[in-house]
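Student: Could you build the full structure based on these sequences and the hints that come with them?
Line order of the protein sequences matches chains A and B.
Take the UniProt record's numbering: the final residue in the first sequence is number 519, and no numbers are missing along the way.
Take the UniProt record's numbering: the final residue in the second sequence is number 519, and no numbers are missing along the way.
Because the hints were derived from the structure by calculation, they are not lab data.
Check before you lean on any hint, since a few could be wrong.
A pair counts as met if it fits within one copy or between any two copies, since identical chains are not told apart.
No more than 30 Å apart at the CA atoms, straight line, and that leaves these computed lysine-lysine pairs for DSSO-like [unchecked claim]:
| no. | residue 1 | residue 2 |
| --- | --- | --- |
| 1 | K420 | K141 |
| 2 | K330 | K141 |
| 3 | K126 | K285 |
| 4 | K420 | K126 |
| 5 | K456 | K141 |
The residues making up each chain are set out below.
There are 2 protein chains.
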Amino acid sequence: MDLRNTVLSMDEWTELIHRAETGEISEPLENVDHDNTSPYDAIFVGGGAGGRFGSAYLQARGGRQLVVDKWPFLGGSCPHQACVPHHLFSEAAREMDYMRWNADTLWFGEFDDKRASIRDLVELFKAGRNNPHAFMNWQSKEQLGMEYILNAEATVIDAHTVEVAGQRYTARNLVLATGARSYPPDIPGIELPGVYDFATLIEELDYEPSRCVIIGGSKIALEYGSFFQAAGCQTTIVSRSPLMRTHSLHHVDEDLRTYVVDGMRKRGMDILEGAHPIEVIGNGKVTGVRMRLADGTEQTIDTDFVFLGTGERPHSQPFVDALGVQVDDKGFIQVDSRMRTSVPGVYAIGDLIGAPMEMFKARKCGMTAARNIMGEPYEFDFSEYPDFLHTTYEVTWVGLTEAEARQRYDDVAVIQMPPKGIRDDELALPCSEGSMLYAFTRPELTGFQKAIYDSKTRRLLGAHHVGFGAKDAFQYLDHLIRKGITVDEMGEMNELFINPDHFIQLSRLRAGQHNLTDL
Amino acid sequence: MDLRNTVLSMDEWTELIHRAETGEISEPLENVDHDNTSPYDAIFVGGGAGGRFGSAYLQARGGRQLVVDKWPFLGGSCPHQACVPHHLFSEAAREMDYMRWNADTLWFGEFDDKRASIRDLVELFKAGRNNPHAFMNWQSKEQLGMEYILNAEATVIDAHTVEVAGQRYTARNLVLATGARSYPPDIPGIELPGVYDFATLIEELDYEPSRCVIIGGSKIALEYGSFFQAAGCQTTIVSRSPLMRTHSLHHVDEDLRTYVVDGMRKRGMDILEGAHPIEVIGNGKVTGVRMRLADGTEQTIDTDFVFLGTGERPHSQPFVDALGVQVDDKGFIQVDSRMRTSVPGVYAIGDLIGAPMEMFKARKCGMTAARNIMGEPYEFDFSEYPDFLHTTYEVTWVGLTEAEARQRYDDVAVIQMPPKGIRDDELALPCSEGSMLYAFTRPELTGFQKAIYDSKTRRLLGAHHVGFGAKDAFQYLDHLIRKGITVDEMGEMNELFINPDHFIQLSRLRAGQHNLTDL
Numbered sequence: 001m002d003l004r005n006t007v008l009s010m011d012e013w014t015e016l017i018h019r020a021e022t023g024e025i026s027e028p029l030e031n032v033d034h035d036n037t038s039p040y041d042a043i044f045v046g047g048g049a050g051g052r053f054g055s056a057y058l059q060a061r062g063g064r065q066l067v068v069d070k071w072p073f074l075g076g077s078c079p080h081q082a083c084v085p086h087h088l089f090s091e092a093a094r095e096m097d098y099m100r101w102n103a104d105t106l107w108f109g110e111f112d113d114k115r116a117s118i119r120d121l122v123e124l125f126k127a128g129r130n131n132p133h134a135f136m137n138w139q140s141k142e143q144l145g146m147e148y149i150l151n152a153e154a155t156v157i158d159a160h161t162v163e164v165a166g167q168r169y170t171a172r173n174l175v176l177a178t179g180a181r182s183y184p185p186d187i188p189g190i191e192l193p194g195v196y197d198f199a200t201l202i203e204e205l206d207y208e209p210s211r212c213v214i215i216g217g218s219k220i221a222l223e224y225g226s227f228f229q230a231a232g233c234q235t236t237i238v239s240r241s242p243l244m245r246t247h248s249l250h251h252v253d254e255d256l257r258t259y260v261v262d263g264m265r266k267r268g269m270d271i272l273e274g275a276h277p278i279e280v281i282g283n284g285k286v287t288g289v290r291m292r293l294a295d296g297t298e299q300t301i302d303t304d305f306v307f308l309g310t311g312e313r314p315h316s317q318p319f320v321d322a323l324g325v326q327v328d329d330k331g332f333i334q335v336d337s338r339m340r341t342s343v344p345g346v347y348a349i350g351d352l353i354g355a356p357m358e359m360f361k362a363r364k365c366g367m368t369a370a371r372n373i374m375g376e377p378y379e380f381d382f383s384e385y386p387d388f389l390h391t392t393y394e395v396t397w398v399g400l401t402e403a404e405a406r407q408r409y410d411d412v413a414v415i416q417m418p419p420k421g422i423r424d425d426e427l428a429l430p431c432s433e434g435s436m437l438y439a440f441t442r443p444e445l446t447g448f449q450k451a452i453y454d455s456k457t458r459r460l461l462g463a464h465h466v467g468f469g470a471k472d473a474f475q476y477l478d479h480l481i482r483k484g485i486t487v488d489e490m491g492e493m494n495e496l497f498i499n500p501d502h503f504i505q506l507s508r509l510r511a512g513q514h515n516l517t518d519l
Numbered sequence: 001m002d003l004r005n006t007v008l009s010m011d012e013w014t015e016l017i018h019r020a021e022t023g024e025i026s027e028p029l030e031n032v033d034h035d036n037t038s039p040y041d042a043i044f045v046g047g048g049a050g051g052r053f054g055s056a057y058l059q060a061r062g063g064r065q066l067v068v069d070k071w072p073f074l075g076g077s078c079p080h081q082a083c084v085p086h087h088l089f090s091e092a093a094r095e096m097d098y099m100r101w102n103a104d105t106l107w108f109g110e111f112d113d114k115r116a117s118i119r120d121l122v123e124l125f126k127a128g129r130n131n132p133h134a135f136m137n138w139q140s141k142e143q144l145g146m147e148y149i150l151n152a153e154a155t156v157i158d159a160h161t162v163e164v165a166g167q168r169y170t171a172r173n174l175v176l177a178t179g180a181r182s183y184p185p186d187i188p189g190i191e192l193p194g195v196y197d198f199a200t201l202i203e204e205l206d207y208e209p210s211r212c213v214i215i216g217g218s219k220i221a222l223e224y225g226s227f228f229q230a231a232g233c234q235t236t237i238v239s240r241s242p243l244m245r246t247h248s249l250h251h252v253d254e255d256l257r258t259y260v261v262d263g264m265r266k267r268g269m270d271i272l273e274g275a276h277p278i279e280v281i282g283n284g285k286v287t288g289v290r291m292r293l294a295d296g297t298e299q300t301i302d303t304d305f306v307f308l309g310t311g312e313r314p315h316s317q318p319f320v321d322a323l324g325v326q327v328d329d330k331g332f333i334q335v336d337s338r339m340r341t342s343v344p345g346v347y348a349i350g351d352l353i354g355a356p357m358e359m360f361k362a363r364k365c366g367m368t369a370a371r372n373i374m375g376e377p378y379e380f381d382f383s384e385y386p387d388f389l390h391t392t393y394e395v396t397w398v399g400l401t402e403a404e405a406r407q408r409y410d411d412v413a414v415i416q417m418p419p420k421g422i423r424d425d426e427l428a429l430p431c432s433e434g435s436m437l438y439a440f441t442r443p444e445l446t447g448f449q450k451a452i453y454d455s456k457t458r459r460l461l462g463a464h465h466v467g468f469g470a471k472d473a474f475q476y477l478d479h480l481i482r483k484g485i486t487v488d489e490m491g492e493m494n495e496l497f498i499n500p501d502h503f504i505q506l507s508r509l510r511a512g513q514h515n516l517t518d519l
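Tutor: Written out as structure tokens, the structure is:
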């Protein structure tokens, strides 16, 4: 279907995507400038975050691109199965948690567990997800001027050629961007109905789970587990490593970790650290999980719902076969800091090249590939980045933990709330957006915040936050830490009181101090 | 009561403050170092935000200070009657609004208007406010090393002398910091029971209002009005100027204003712009407000509750009498950019010197006075600052509006969500923390965001946001705008997806573009 000369409205796009998803339209959705005879600078194989942002950047630099995706929309798995539903569920978890703690006080009624439904939320998401999809197609075409072919899988022929629906397209470069998907652990019974990952949860859940066992201790485990628990589904996390103390999460401050994990336990979750799943039990459908606990004993938990919070693997084999690109032992394509693979003219970006599987990385990988393709040498180092996860809180961190800072610097000043030596249940602080009501009903639920300074250079080394409303700020804090922001400069900023992170005013209470000390 | 050698716990402080408030303890609460024979560098008359932060900074620079407050706690009106209860009420308003829009869907039950009570929230706040008070006393003494006398009014004798409970204290400098209070408009009946301001609402409300008329169109009018309405109390705002288009609010973008004010109307508030109150009617208690509407006709609204959203005035007369400090026609003390009054050695800070009556200004005024007193020439220009207000949303802005930018720059690029030409009810974006559920139920409630760039220098000129979770970030955006952050630098930041403000990723979609255009 040639859409080149048609401007569709949101509703028309939504309808078109729906018809493609149901199979009513099986032909490709094409926005290709057939009159343009100049060669493509790059074809992006995969139109998720990396492919779309890479395409936009290439366009911005005056290049010509084509992006191809098997789905009938750009944006990839994030708005379809991953970050967007996760954020919807996390907002629901926060809200249900809030309504539970405050049940039958003030204007809150009893919390009705029977109304809280995982499946309802999944259905709500599915009913609405094509609207953001529609927007991304619209924006990419009308605002960003991208060329794309959707609803059609690209087959890579060689380093300059891609075949889509029987047509061949050539380009100076290829950018591989097909992402990763859940990789089920090798446990008997893992294929049973009733075992879900974040993607199949969206596509296939057809009953209301009454009991949940999560296998794995990744971010996803904490995030989805908090949602299931908040929705009244008793949840057990079975994790080999202590939560938030895994290789995949860096710079997790121990005080922050304690606040978060204690908070999950406080909400009734069972967290089995050092436990190994042995078998998923069932007879045509999951009925339980057998595991070995940290103390060596075995235990079986009856459950009708198992959720995988283990890792993801890339779908790189077709590229290995067609191009011979070098991959690591898990199949992730190996690239340099310019996103160049081992094959000249072939780039790879996003989840396909490994951790961290975060949005900023995927998008900036795309931008990096685009810049290099357009002749600008540009390197992207994503070894350091701000990070976050959701439980029923926003949990955010950037820079060094207190322990890391003390290891690397002689003299460290820690500013935190509640201050060391004051229990969280005796102080209504931090009190700020999203935890104001808790400050007056349950002080221990108001969150935790910590900033770490090098006393000598007075520079901010790290910031850590559990609460609400500070996630957005940590993007900018990351930038400021890289620029070497000091406690004195923090103290001169203009806060918007009551600011969710109290870093500016707390820093000001120590700014100007000759020998910087804790607060 | 000499507390110099006593370390009180939070509970002990809370109890002590309570006993002082009820009059059981009438003597001053003293933390004064009587063994120290060095002179005071400054006495801060008033221990609110400015006095406390000024004291902390003076201490940090090695100076000796004394701070005196008539209340038995430091921190001033903010945690007692102003910003803290306002934030509690605004969080409640947001939550009630959320529960109303989602009533009887998903896990939400019917919203029970009968349970929603303004008075309950006031009582909840009053029952808990002494805990933050306790903390500020504790922190100021144990962590910051301040000297203070609380529960005792300071009388200024001359430019170096203050009398407190019959004792005289001398210092090199005085810092006046006694704030401002509501200034009722000159309307017949304004003194009737049933007319409240933000302070008397806390101290005196003894019934549940059923109908509200707000006189004035200040920030407070929008904030408290949104709360009253959310709590089921039908609210009318009577404002001479259009809301958010008053002298006291600068840099309000017209699109942001429209979204906010339309949102208030959508929630059932009556907003009468261009209306003048003529008389508060009542017979021993308020029964109505008579006003002249914009079209010249008169109208009377029956009501049992009138709330003042007009301005504030300082309590400066004692200082004029004792010192002869120069004041303006409203009584605000006049200072230069170092916070120096017309009387040598006498400084004034905070609300006492006029608008903006914001926390950042009060605190940084205190810091500025402290620096200058300690011999460091330091100027504080608060003519430009980030700003915010709450309705049932967080509304934040910094820098120039689109109209201002277009006036000052030849070529301006505007990046906004929803984009120009797309209606907010046809697009589920912005979808982000706090508005995820709305994205799937009521797209028109998801908020609004706009960033404005100078196309030539590529610098960020202004940012405007209606939603949730971006307030904290605007503190840092203000700093970055002052540093000249460009669209390309924004595009290289590491976003924490789904970030409440989408400025980083939207900027990245235009970063690198030779001729910067709208998005």
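Student: Classify it for me, K456 with K141: is the Cα-Cα distance of at most 30 Å met within a copy, between copies, both or neither?
Tutor: between (52 Å within a copy, 25 Å between copies)
Student: Could you place K420 and K141 in one of the four classes (within, between, both, neither) given a Cα distance threshold of 30 Å?
Tutor: between (54 Å within a copy, 15 Å between copies)
Student: How do K330 and K141 come out at 30 Å by Cα distance, when the copy is not named: within, between, both, or neither?
Tutor: Close neither inside one copy (36 Å) nor across copies (57 Å); limit 30 Å.
Student: Give the relationship of K420 and K126 under a CA distance limit of 30 Å: within one copy only, between copies only, both, or neither.
Tutor: between (45 Å within a copy, 27 Å between copies)
Student: Checking an output row: K126 and K285, CA cutoff 30 Å. Within, between, both or neither?
Tutor: Cα proximity of K126 and K285: one copy only (24 Å, versus 54 Å across).
Checked against the numbered hints above, the structure breaks only hint 2 and satisfies the rest.
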